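S.K.: In the order they appear, the protein sequences are chains V and S. FYI, in the working numbering the residues of the first sequence are 1 to 146. FYI, in the working numbering the residues of the second sequence are 1 to 114.
If you're looking for bench data, these hints aren't it; they were derived computationally from the structure. The structure presented is a predicted model; accordingly, all values stated were derived computationally and were not measured. Even for Gly, the Cβ is constructed at its ideal location relative to N, Cα and C. There are no misleading hints in this set.
Reference listing, derived: stretches of chain V covered by chain S, where coverage requires no fewer than 3 residues with Cβ under 8 Å from a Cβ of chain S:
{"hint": "1", "stretch": "11-25"}
{"hint": "2", "stretch": "45-55"}
{"hint": "3", "stretch": "80-88"}
{"hint": "4", "stretch": "101-113"}
What follows is each chain in one-letter form.
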Amino acid sequence: MTREQMATVLAHALEGYPFEVCGVFVGPANGRRVQRVVRVPNREQESPRVRYEIAPEDLLRIQKDARTNGDEILGFYHSHPDHPARPSETDRRVAAEGLSDGVVHLVVGVEGGARATPAAWVFRDALAGFEPEPLEIDAKEDEPWR
Amino acid sequence: MAVSVQIPAPLRALAGGAAEVRLEASTVRELVDELQARHAGFRERLLDEGGRLKAYVRVFVNQDDVRALEGEATPLRDGDVVAIVPAIAGGCCRCCRVRAASGPPPAAEFIMSA
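Chain S extracted, bound-state conformation (with noise of 0.2 Å):
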């Protein structure tokens, strides 16, 4: 099946700078094989140890998460478009804060008082 690939930019340094990628695939885990045949390191950035998707990459067929339907056996129809989204969270409380980066103090300039 000949799908288009979405690539979100932390990737595109994998596939040459590309934003979409056209490709052949029946399935979700296909899909991901031909990429990593095509770009090596695709695989480790998508999959875990077990072949699933990781946890905070989330992938797309048409407007449909892959979670919701059969997951990385999800199969693909020609001219699906395929995107790879990235799960963004996060947040701060007491116990982890300021363990992750150190630098400048922010700029005053920017500061906004209510």
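For reference, chain V alone in the conformation it holds in the complex (with noise of 0.2 Å):
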């Protein structure tokens, strides 16, 4: 992903604080390289700042939104308010329940509003968990979060 597609999802996440945000990363079908970042509400009506849930009507329209452009889902993000910017219990029990296998995570770890910290994971399956994925940055961009 591009260091402005990082931007804005660290931006997201911060702008959100102490609420968790999420959203969805799209691009190229059989392809790793994220070409869209889409913020989505987070629909998690009880604790929003201790959960969070993507509305599979979200879902829904932006895999169509995807689709029409050959592209499709390529993973999610979420964050965690002073939290670290690891898979949690709960998103691992989501993870093994529902259909995430092989599905990249990208956790941002908020610390009081004022720092953003992203780690990628990949949900193997319900066996193995999540296990950390190296994020590769386009590097020709400036560095807009310094």
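Dock chain one against chain two, each of which comes alone in its own frame, and use the hints as you go.
M.R.: Right under this line is the structure:
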């Protein structure tokens, strides 16, 4: 992904603090390069400070838009306000019960609404859970968060 | 009824890599049965032990979530587009953090300060 795309994700996480925010990465089918970052409303109603939910209706819409352009959903991001950029037990449980095998999740830890730190993970399967995934940032652009 | 089924990326390995499958089915349940008959593994990924759609699996017929229709008994018509969509949710509270994964600390290069 590009630096600008990463900056978009981190800015979203900071703006949304103290609530969790979430979004979707879209890119060419069968690829790993992010073409577009789509911010998605956190539909969690009861505990948006410690939970997030991407509504299936939102996902369906994004999926249709992506397919129209020959793209597809490559992965997801969400923030952890005042918690580390690592998948939680809740993240693992939902991924295991759902359809997340091989899906990349970028988790952004947000400290006090002032500092956002991302880390990428891939969900292997219900047995192996999440494993760290290398993040490749296109270095051609400026560094807007410095 | 001839319908097309959009397969999400995590299930494509079961379908030989296909992003879309065309098949005959008159209900969502028949659709799952047909997918299972062609590609073993679909039923256990989509349905629970009681034969109901799993909580974190959503199926849309055209624009409509079958949970708002007749669930697994939702009828299908010729030309319907059925989308299987994962429910994406999670989050982190004090009681559940860092139990699920471990690994190197995030790279400081990517930190953004407000």
